[in-house]
Structures are given as structure tokens and as C-alpha cells.
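Asker: Read top to bottom, the protein sequences are chains A and B. In this text, residue positions in the first sequence follow our numbering: the first is 1, and each later residue adds one. In this text, residue positions in the second sequence follow our numbering: the first is 1, and each later residue adds one.
Everything labelled a hint here was simulated from the structure, so no lab data went into it. Heads up, a few of these hints could be off.
[As the list claims (entries may be wrong)] Partner residues aside, some chain B positions facing chain A, computed with beta carbon under 10 angstroms: (1) Leu317; (2) Leu319; (3) His321; (4) Asn427; (5) Trp431; (6) Ile434; (7) Glu529; (8) Ala535; (9) Ile552; (10) His556.
No residue lacks a Cβ here, since even glycine has one placed at the ideal position from N, Cα and C.
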Amino acid sequence: MTTPYYQAQGNEVALFEAAYTARLPVMVKGPTGCGKSRFVEHMAHRLGRPLITVACNEDMTASDLLGRFLLDASGTRWQDGPLTVAARTGAICYLDEIVEARQDTTVVIHPLTDHRRLLPLDKKGETVHAHPGFQLVISYNPGYQSLLKDLKPSTKQRFVAFEFNYPHAELEAAIVSAESGLEHLRAAQLVQIAHAARQLKGHGLTEGISTRLLVYAATLMVGGVDAKEACRMALVRPITDDADIRQTLDHSIDAVFA
Amino acid sequence: MATTSEQLERWRSQLDCSFAAVQAVFADCMDDAALALSASGIDAYLACARALGKMGRGPEPVLAFLQEWPPIAQSVGEDTLVDVSALLHTMQKSPNSAAMAPLLQTLAAVTRRLQGADPLRHYLRVVREMMARTTVSIHGHHTTFASPGLPVLLEHAPRLLGALTVAGLSHWMEYGARHYQHQPERQREYFALQSADSRAVLQRERHGTLLVDVERQLDLTLRALWQTHAPLHAYTTGLNDSSTQTPWSTHHTDDDSLCLPDVYDDLNGVPGLDRYRVALAHMAAHRRWSQTLVADNLSPLQRLTVECLEDARVDHLLLHHYPGLRPLLQALHPRPVEGACDPAVASCLRHRLAMLSRALLDPDHGYTDGALKECVNAFHAQFIHGESSTQAMQTLALAYATRTRRQSDQFARVFFDNTVISYRDDNRHLWTFIETGDEEDSFDEPRSAPAPEAPGLPPRQYPEWDRASQSYRPDWVSVYEALHPGGNASTIDALLEQHSNLARQLEKLLDLLKPHNRTRIRYQEDGSELDLDIAVRSLIDWRAGAQPDPRILMSHRTAERSISVLVLLDVSQSLNDAVPGTGQTRLELSQQAVALLAWAMDRLGDPFALAGFHSNTRHDVRYQHIKGFGERWNDVPKARLAAMHAAYSTRMGAALRHGSRTLGEQSTDKKLLLVLTDGRPSDVDVPDEWSLVDDTRMAVQELAHQGIHTHCISLDPQADTYVHAMFGQHATIIDRVEQLPERLTRLFLSLTR
């Protein structure tokens, strides 16, 4: 399998490699769809480590990460959770959108993320020593900043962090173009619409149009869909239900595409 | 065909009218009529004029009719004469014959606005309806009185129809006729557009796109496409001609804002909203790309030329960024016809510049003028290397102005056709003056400070539902919000002391309601953790050969209260009544009840606010702030509650609307508005006892749309007859008032459990 496409915005590739060499836990911050997960996939390939991704959610409990007893014909059987598997086999464990998980759940990662690098499984009475290749990566979107959804300071303090943002216009157009095969000029127009929408963040939009959505729109356009319709479908309708914002963005699309 | 004197004499005898004023203009009128009307049309025309002359109302109506009719007949057809003469006949028989002359005098202007026979007939029906509605007879007098508003309405009709459709005019007339039927002075004010509600209703009925309706969208557009923000202000265009609506931007002054007309009609197939967007885009482009120039050394002609080229430059850059706007800009830009203006007789300056501007915007302009083409080429050459500059435009403009100026540019007669570019602003931001001269705009001058206002918040205006017409009366009620003066907080503590037994009972209930962070849900087939007890039991069942229960997992759920409450307290006069058998007034019991409720809500930690209201006519609804959402339940709000006193009436709808402003801003999941009242909504200026009930019902529905639950607690034992009409099932009637403190708190707890 080929290495997933990733266009660096700065020095992040070398910095990640340095962090991996030191086995430091890594936190990746940034808005939705700006390339966080792609970056982690890319780095796992580059470093030649398997990647175990866990999409966190509110109902997730510690046992979803660590493992649990299941019943089978001969009684109960222990089933490792994804974090335990990663620690045993030396994979990179990627906890996506970790703030979605409850705070008391995320505490289980603490012993893995300091000098001890071990994972106590209290239900099973076992302590797993992390494989030398193991690394923990979490991602986190500060845009959700609400009182309820934030990491504990004690959790935050265990990571080195990368702050991602949407790439600047030229680069973003190049990314959209490379991902979808759309010609560069049209990709630049899509980026122009995205920039218009990102100005409305906090004025009725919680998040701007992400690079991912731009790639979707570009893919539709490459597939022969009319540019304006593709934009309405991929860029505007998903992100808002507010009629005023929808009309404003529709107008931006009309203004950008002659 | 020239009118022979013989024919004229025959017509004169047909008219049979000896007023000197009429005779003086008769020959001229007949010349016009002979050109405009058919032979039978002339006969009908003269017959109608003769009838007017014989009515005994002086020469005015005849004169007006003779002069105005031929052009009207030409544009809408001769057969409308039947309708006009029928209306005149009715007027003559009513006390309103004085309105005949104004009707005829403005009819031509009205016809020009209406463009068609059907709208004209509709207009005549509106006039007839107005006459019928406002001509009143007063009991005991034997005469009927002429409509006071009719002549005024007819006088303003052409201007009104510039802003309204006939249907809109009809609604506007309806409103005035209904509300001022018995107040002749107010009626006259209304129809002369001098009263505030007249203008407000007019605004509501206008055709076109109103700025208030699209303001948020435009604001968002400004942010999204131009990454800038400035307040948008509407200026009133009134009923003037729509071509003079020039927007303006004041971004080089302290008072930075964008001013747009309050309404845009569609123009050349471009909808009003798009006109706003284009005007906004043009002004934003100025903000981004224009620099200021010194104006002192330039003549008005030169400045006009510089502005023209600079406007074209920012439009060019604008279209470079947003090419999709080109069709709109080209549709809105006038297309002056080359050679339409004769420089020998009129000043062609505006025409020349409009042509240049068109040529700069539209590559397919098709103009052949040499100087113009050269200027266009020089203009486009500027953009080979970047975005050029205002200074470069000035150089270009001065050269062009010198080359094309003519002696006739000074003429007083200016050629205006097709030269107004409605989306462009007046460019006041482009110029700076070094010396103070006559030409400086006066808006820079510091204004004298406004007179200091009386302390307290300014009133807020709210609409009210009109039961008779089933429509809202805009800005009808004024609500004054004020901090209630404080009293002695210990009174409230003493009242709470009286209810200490009750408080202890309630406390148990409160503990049950307090938020539990985690609740365990057991017996889940799909859960997050193994429930060991159940699992072992299932295993035993299974080993024993019985069917095991597969629901061996459990999960957790967080239960949190997220509710904010506003308690509105009716403090009208009737609260001063004593409650039989208790020695207390209703007000005292209400205070106790609210104090106990506040205590409970405070214990639960729910955000809550308290306010009282009463009213003394629609001009003075008082909303007394007792406790806000941000305030703690301590001695300060308690002192205010203790000092409450009851007076005046109950205008509930306005208080609900005002209360919803603060409650609506709360970010909790549920919002509850509790109204504690003791009677039917009423006020001294509303004779119909159901009118305010209907208004309250509408207010409750408005609140429901905002996600606010409303619940009413009524102390009136007879409330059954009306309270459900206002609040539906969300009402509780407490007929034993002495139970109020207990019932209110329990009710709140059961509502929010």
C-alpha cells in the first residue's frame, strides 16, 4: 500500500519523527477536516508502524479502550481493547477527537504517557508493559471549546502538541487539486469560497468549510457535476441550516464562478 | 387636424358652461382632446364636463376634469370614464363634494403610476371605500360629516402609489380608517403621513426588498466576501423618486458605517436583494482599493471624472475577484445611447461620463467615440501590472476631462437620461479637503451635544395583536424597564420563616430533583460494561440448561438539569384586595409564594429571574426588574421583592414579549416562563375585554416559536372562561389563594421534574 498523500504545511514531518524517536506522546490540534488524521496515517506509514485508530465518543468507557471479559462456551474470556492491543504489539494508537470521550475515561491513558509506559488492566489483574515501538497520538479540536468538552489539564500536560490550521490559499488549492485531479484554477476558486465561509465562523457557523469538504466538491466537479451545484451540495448544505447563511454562501458561489 | 372655429362653437354649446376660468382654457383643452380622443370619446368627455359644471360646486372640478382627462384616456382607455363619473356622482351626493377637485387634479399622476385600466378601477374602489368608511354621522346631529382624511389622501395619492401597490394602499387606508374613524384630527394626520404609525404601516406595506429583512444576510456577505465589518444603516427614502437613492460609506470618519436605502425595488430584472449585494460589494471594494485624494485643486468637472474612473477601477477589481457579479453589474448599469444628448442645447457631461463608465465595464459597448476608446485602452493598460491606484486614475481622468470638455458643460440644462448608476455610492470617502471651503461636506462638523436624557432605559416598542383586523399593530406598546426600588429584605426572610414547615417538606423533593451526574442503566443487551451479578446469573441459567438472559451489560447516563426560569408577577391594582379569612392581601401572598419559589430554584441551582409588570395605557407599560439571571438570590433582590406595590392594569402580552428577550438569550435546553396573575388582561385604553386576551394568546405563540414554554398561574376563580384561550392547557387555576405558596412551588417542581 502506498503512503497516503500528505502535503506538509511546515516542518511537522521532521518534528513528528523526532517525537517518535523519543517516544513522546503526541497531541494534534486543529479544526475539522484540516488534515489531522491524514497526517497521522502518513506518519505511521513513513515510520513503518501499524496504526490503530479509535474514534472516541461520549458513550465510550475505559473498557472500550482496555478490553473486557466476554462469555463463551467455556466461561469468560478476556478480549483486549484497541489500546491494549497497540501497547502489546507496538502500534501507533490514534485516539481521534479525544474530547468527545468523558474525562474519567481518558484518565486510563495516563500511565502509558509518562516514563512508566505501562498499562494496568485492573479487571484482569495484569500490567502490560508497552512495546518499544508503541506511541500514543491523540487529536483534539479546540473549536468545540465548551465548558463540558475540554481535556483535563493533567491530561494535556502529558503530550507534545502540533497545532494545525487550514493551509494558506495557494497550498490548499494545490492539495485539493492533487487529491481530486481538478485543475488548479478551479481548485483556487473553491478555496476562495472556503475563505468566505471561514469568515463567518462565530457569526452563525460553528466551523468553516474544511479542506475535506473542498476535496468532496472537487471530486464531484471532476465527476462532471456542474460547479455551482457541486459547491451547494458539498460545501453549503452540510454545514448550515440557517437560511441567511445558506443564501450568503450561495451568493458567494455565484459571485466566484462566472 | 386643426380644430375649426365652427367645431369649437359646437363643442362649447355641448359643454354649456359659463365660468370665465373654464372659457379661458376651453380652446386649448379641446385641441388636446381632439388629438387624444375618438369622436364618441369627445362627446362623453363633454357630457361629463357639463354634468360637473351643473353640480354647483364652482369651476374647480370642471377645470380639473377638462385639463386632466385627455392624457388619462389616452393611457388607460376611454371606457374608464364610466367608473370615474360614477365615483364623481357618488361624491356629489355625499358631503364629500369638496374632494372632487383633488381627485381629478391628481388622477393623471396616479394613472401614470398605475399603468393600466384595472389598477385604476381598483384605485377608484379604494377611494370609494375610504369615503364610505370615514364619512360619519354623529348621534344627535342631523347632518353627516365629510371625511376629514379623504382630500388629504387624494392629494398624497401619487406619492403613495410610488411606494405602494394599490393593494398596499388599500391596507394602509383600512388601518387609518379603522383606527381614526372617530378622531378627525388624528385621521387627517394619519393620511397626511404625519403620524408615526402611519409611516410604520406604510413601511410594512411597501413593495420592494426592505433592508431590515435582509440586513443579517448582507452583514454576513460583507464578512464572508470582503473580510470586513461595518454597521449597516438604513436611510429613509420616503416616497421620493427611487432614482435618487444613492448609498454612501463613511469609512474615513469616526462614525464608520455603510448607509443603504431602506428599500430597493427590482430594477432591470435584478431583484432588490441582489441590488443591495452589488451596492455593498461596490462600497466594500472602495474600502479595500481606494485611496483618498486632495480635492482642493480640482474643479467639480474634474472630480466627477476622477470619481467615474475610480468607480470603474474598483468595479474592475471587484469583477476580477468575483466574476459571477458581472451580469448583475451590467444589468444595473445604464446603457446610454451614443448621440442621445445634443451638446448644442444641453450639458452632456453626465451622459459622456456614463458612456465612458459603461464602456469600461462592458467590452461590448459598441461606442465609436475616439477619445472614449483611447481612454478605455489606457484604463485597461493600467491593470497589466497589478491593481493600479487611485492616483493613476486621477492622472487618466484629468487628461480625459481636458480633452473632452466643452463649453456647454456649464449649461444649466443637464441631460440626465440613462446616467444614474444606482449601485454606486456618492464617493464622499474619496476626497479630503485641506482648506475649509463652501464645498466641504457638512457631515464632518461636530454636532452640538444632544440634550441629556432623563435617567432610565429608553422605552422598547412592541407590536400588539389587533383582534378586530386580525393583524399586528406595529410598534404599538411602549415598555419601560426599570430597576425596582429596594425595601427591607428581612420582610422576605420573615415570610419564609412562616413557611418553614413547608420548606422542610419541599426539601426532600428538591433532593430527589438535584442533578445526578451518573445514573446506571442496567439490563442492557448493548452496554459499556459487564454487569457481573446479572452475568453470573445468566451463566448459571445457561449451565443449568435454561434460556440465559442476554441483557447482561449496563451503561451509564448523565442526568443534568438545564432549565432557566423567568417568573413574571402581575402587580396590577386588584392585587391589593384582601383574601378573606387570612388577613393578608393577594400581593402579600404572591410575595410569599414567589419568595418560596425563588428559594427552591436557588437550591436547585437553576438560573432564574423575577420581574413585575403593570400598565397604564399602551404608552406606559412598566416592567420592574427584581432579579436578573446573573444576580444571586441575596438581600438585594429580596429587598426589591419586599418593596413591591400594586397599581394600574394588566397588559400581559407586552410584558411577555419583553420578558422573552432576556429569557430567550439563556443557553439552557429548556426555558420556562411562569406568569402569576389574578385576572383577565385588560387596560384602561382597551374597551374590548377580549382584545388583550387575544394579544396574550399571540404572544404565547410567539414565545413558543422561540422555544419558551409559558405557564400561567391564575388566582382568579373565574379564570376558566379565558385563561385556556390564552395558554391552552398550560394554565393552573388556584382558587384557594391561601394555598398559593405551597401550590406554586410544587407546581414548578412538577413542571420541571
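Asker: Hint compliance check: list the failing hint numbers for this structure, sorted ascending.
Answerer: 1, 4, 5, 6
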